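We have chain A; now place chain B onto it with these hints.
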Amino acid sequence: MSVESLFPRLEPLLPRVQKPIQYVGGELNSTVKDWDDAEVRWALMYPDAYEVGLPNQGVQILYEILNELEGTLAERTYAVWPDLEALMREHGVPQFTVDAHRPVRAFDVFGLSFSTELGYTNMLTALSLAGIPLHAADRTEEDPIVLAGGHAAFNPEPIADFVDAAVLGDGEQIAIAITEVIREWKAEGRPGGRDELLLRLAESGGVYVPKFYDVDYHPDGRIQRVAPNQPGVPFRVHKHTVMDLDEWPYPKKPLVPLAETVHERFSVEIFRGCTRGCRFCQAGMITRPVRERSITTVAAMVENGVRESGFNEVGLLSLSSADHSEIGEIAKGLADRYEGTQTSLSLPSTRVDAFNITLANEFSRNGRRSGLTFAPEGGSERMRKVINKMVTEEDLIRTVSTAYSQGWRQVKLYFMCGLPTEQDEDVMAIADLARKVIKAGREVTGTRDIRCTVSIGGFVPKPHTPFQWAGQTDHETVDRRLRELRDDLRRDKEYGRAIGFRYHDGKPSIVEGLLSRGDRRVGRVVQAVWEAGGRFDGWSEHFSYDRWMECAAKALADTGVDVDWYTTRERDEHEVLPWDHLDAGLDREWLWQDWQDSLSDVEVEDCRWTPCYDCGVCPTMGTEIQIGPTGKKLLPLTVI
Amino acid sequence: MTQRLRVRYAKRGRLRFTSHRDISRAIERAVRRAGIPVAFSAGFSPHPKISYAGAAPTGVASEAEYLEIGLTRRCDPQRLRADLDASLPPGLDALDVVESGGGGLADRLHGSVWLVRLRGVRPADAADAVERFLAREQVEVERLTKKGMRRFDTRQAVVGLTVEGAGEPAGQEPDRRGEEHDSTPCAILRMVVRHVTPAVRPDDVLAGLRLVAELAPPSPPEVIRLAQGPLDDETGGLTDPLDFDRDVADSRDDEQGTVDGAGECAASVGGDVAADL
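Protein chains in written order, with our numbering: chain A, 38 to 677; chain B, 29 to 305.
Next up, chain A with everything else stripped away, as it sits in the complex:
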C-alpha cells in the first residue's frame, strides 16, 4: 500500500511556525526513493532540533548506506519545536520525515540515534505524534520496530519500556544486517509477527531486545539479576566495531541543508576510538580500539566532500584528532592543497603539547589566529592523575606560552568540576593555573593583550567507564565550588580581567546522571516528565530541573529508590549494574582495577605506544588497533 505525502497538510501550518524551512527537506544530496519499490524502510531520527540533528555524522552515514542498498529506503525525521507540535496535534498531522514527508508510523524501523540521554523526552514526543504507542508492549503489527543507537544506547535501560531494540557501537554493518533480517521475515510473510522478528534480531547477539530480559531486584532496590526469558536469547549483547574505515568512506554525499545548522562544514572522521584512557570519558572507553583512516582516504574524502557540498570549511573529527599517526602530514598536505581556495580547515584541538600548536598554525595559515582550546580537565596535579589526564602543570604552561608567542591571543582551558575524590582545593587550583598561564603569556609576548577563558563542565559518571561505580557530586557542592572559584578569579587585580570564566550550574548534570546510570525504573520518570511538558531537555531555555525532581519523586515513590540513589551513591564492586549484560568489550575486572588505581593516583599509558594493559576489548571483540603511519604523502590536486 502506497503512502501519501503529508506535505499538503503540513504546508498550511508552516507560515505559522518559526524557521519553517527546517521542515521542508529538499537538502542537497538528500534522497527520495519510491515507496513501493522498497522492501525495507527505515525512518532515522536524531531526537533534537533539525539545526542540531542534521549535521550528525551517524545519521548521515546510515542514511546514505541504507539508501545505497537496493530495495531499502531511508528517510530522516527530527524533533519538531513546540510551536509546530501544537499545530500538528490540532490539525492531526503525524510525525513526518523531511525527505518525502511520509508518516513515521508507516516505516518498518524507526531508528533513533542518541548522542545524549537528554533526547529521551523528544523521542516520546515523536512516538506520540507518530501515533505509535509509547510502550513497546502496546505496539502492534502496524507499528515500526523502535530501535535505539548512539552512545547513550550503551545503557538503554531507562528507555527499555519505550524501545523495541537497541544496538551498541558502530552502526554501518549492523544496520545492513538488521535490514536483511527484516527483508527475509517480510518475504516469508511475517511469520510469528512482531515477536518473531524481534526474536530473530535478538538471537543474532548483535541486537538487544529489552523485553526478552527480566530484571529482578533485591529488597533494598539494587538489581539482583538480569537474565533472558526466552530460549535462544544470549545472556550478553555485544557492541559492533567496524574495522578498516578505509572501506567505509562515508559520508560520500554530505547533506547540505538550506536551514542554518550548528555545524556548517564538511566533516571527516579521521579515526574512531581513543586509548588515552581518560577515566571520565565514556566515548574513549566504548569506541575502542583505535582505527585510523589512512591519509590518502582522508584526503580523498575531503576532496570529494568539498566538491559535493560546496562547504567552505572542513572539520577533521575524532576523539583526539592530533593523535592520528600522520596528522602532521595530513595537516600540511591539506593546507597546501587548499591554500588560496577560501577553504578553511579545523580540528578540535584538545591535546596539551607543542605539536598541537604546530598543527593549529598550519590550519590557520591564511591569517586568523583567534583562539586555541586545551583541555587539562582537572585543576590540580592530583586531580589529573585521578582522571588519567597525563598533563603536568609545566607542560601546560609551556604549551600555552608557545601558543601566545606564536601569535595566538586567546586560549581556552576546559575543566570539569565534581570529579571523583575532588576537594575544594582541586577546583581552586584552576584559578592558580589560569593566573600562571596569563603571567607566562605576558612574559613571552611582552604585552598584556592576551586572554584566557576558563570553561567548566559538570562531571557525570557514565556506564562502561572506571567511574561507573563513583558517587556523583551533588549539585550544591559543585555550584559552591564554582562560585568560590569565580569569586577568587574576580578578586584578583593583576590577572582577573584577563581571565574569562564560563560555567553551567550543576543541576542539569544530576538529571544527566540519573538518565546515564539509571535502570528500567527510571523510564517512569522520563514518561512523567514528558507528560508534564518536558521537551528539548538539552536546551537550557526548555530544561526544568524542578520538573525532573518533582516527577522523579512521584514516579519512584513506591520503588524504595530515589534520584540520590541513582546519582550520588557510590556502588560497590559486586553490585549488578543495569548495563552489565551489555558488552562494550571492556573487562569488568580491569575497569574495577582502573577505578581503584585512580583512587591511588596510578596512571595508565596509551596502548597505541605502550604494551597492552588488558582492558579486554580487542580479544573480546576480535578487533585490533589499526594505525599508520602509511608513509604516503599528499600531492597537490591538479583541479580543485
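There may be inaccurate statements among the hints.
[As the list claims (entries may be wrong)] Using 20 Å as the maximum straight-line C-alpha spacing, the simulated EDC-like pairs for lysine to aspartate or glutamate come out as follows:
1. B:77 - A:350
2. A:289 - A:568
3. A:56 - B:231
4. A:591 - A:568
5. A:290 - B:56
[Claimed, not checked] Listed next, with one range per pair, are the computed distances between beta-carbon atoms:
6. B:71 - A:481: 19 to 29 Å
7. A:281 - B:227: 56 to 66 Å
8. B:225 - A:301: 27 to 37 Å
9. B:280 - A:392: 55 to 65 Å
Hints listed in this document are in silico derivations from the structure and should not be mistaken for laboratory results.
The model shown is predicted, which means the values in this text are computed figures rather than measured ones.
In this text, a Cβ means the ideal position worked out from N, Cα and C, and glycines have one as well.
Chain B only, in chain A's frame:
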C-alpha cells in the same frame, strides 16, 4: 574583480520558506560547487562578492529576485546561468543573467508585482474590499518590526490592486501534490506596490483590507512576487530592471563586433569593462 554579472532568480514552491540568510548560504555554496570564479573581499575573513537586492520575505515565493556577483575572470552570462542553475537546489532557479551595465541595480527596483492567493475567500468579497481600500486616501496598519510596533500607511504605496477571480494564479505554484480538488472559493489579488520605507508588504496590504472591509482569509495567504523593477507611470506596471544592462551589453557588442566566447570562463579579458554611465 573583472566582471560583474546580474542574476534574476526564483524561489519557488517549498523553498519559499527559506529566509534571506538561507538563500545567501545556498547560493554561495552553489557558486563554489559550480566552480564559478567569484571574487572575494580582502581582509581577515574574506567574503564572496555577491550582493542581494530586495529579498522577498520568508514564506513568500518569488519569480523575480536579484543579485549581483563579482568575478575574477570574464564569463559568458548564459553559460554561468546554466552552471549556477545546475548547482542550485531545486526550487532556487537562476532565470536570467546579464553583464552589469553599471549603476545600482537596487536603485532600479522601485516596486513589485505580487500575486496573493486567498483560499476560502470569495472573489466578490475580495473585490468589494479592494474597492473600499482604493477609495481611501490612507489606510494605516500596525506591524511588529524589530524596532517594536510600528504604525504606517499602506494605501499610498499601492499603485495597483485588482482581483483576478477564482482559479489558479499564473506563475509558480506551491507544491500541492496529493491535494484533493475541492470547491473552496479562492480569490486572487494582484498588487503593484511601490517600494517605500518602512516597507509595505503584501501582508500589510491584507491587513489594510481587513481593516477597511473585515476581509479575513481563513487560511494563510500564498504570496508570489512576479516582478520587480522600475515603475512605468503610463501603464501602472513594471519594466524589466535588466533591460538597461542588456542595452549596454548590446551596444558594447556592436562596438566590439564580437560576442564573448561561448562558455569559456577561463578566457580572461584584462581590466574592468563595466561601462561608466
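Verification of the hints:
1. Taking the CA atoms of residue 77 of chain B and residue 350 of chain A, the gap is near 18 Å; set against the 20 Å cutoff, the hint holds.
2. About 40 Å separates the Cα atoms of residue 289 of chain A and residue 568 of chain A, which puts this hinted pair outside 20 Å; it is violated.
3. With a CA separation close to 18 Å, the supplied pair residue 56 of chain A and residue 231 of chain B stays within the 20 Å bound.
4. Of the pairs offered as hints, the one joining residue 591 of chain A and residue 568 of chain A holds, with about 13 Å between alpha carbons and a cut-off of 20 Å not exceeded.
5. Among the hinted pairs, residue 290 of chain A with residue 56 of chain B is consistent with the structure: their alpha-carbon atoms are about 18 Å apart, no more than 20 Å.
6. Here the CB-CB span from residue 71 of chain B to residue 481 of chain A is close to 28 Å, well matched to the stated 19 to 29 Å.
7. For the pair residue 281 of chain A and residue 227 of chain B, the beta carbons lie near 58 Å from each other, so the given range of 56 to 66 Å is met.
8. Taken as a hint, the range 27 to 37 Å holds for the pair residue 225 of chain B and residue 301 of chain A, whose Cβ atoms sit roughly 32 Å apart.
9. At about 57 Å, the CB distance of residue 280 of chain B to residue 392 of chain A agrees with the hint of 55 to 65 Å.
In the structure shown, a violation is registered for the earlier hint numbered 2 alone.
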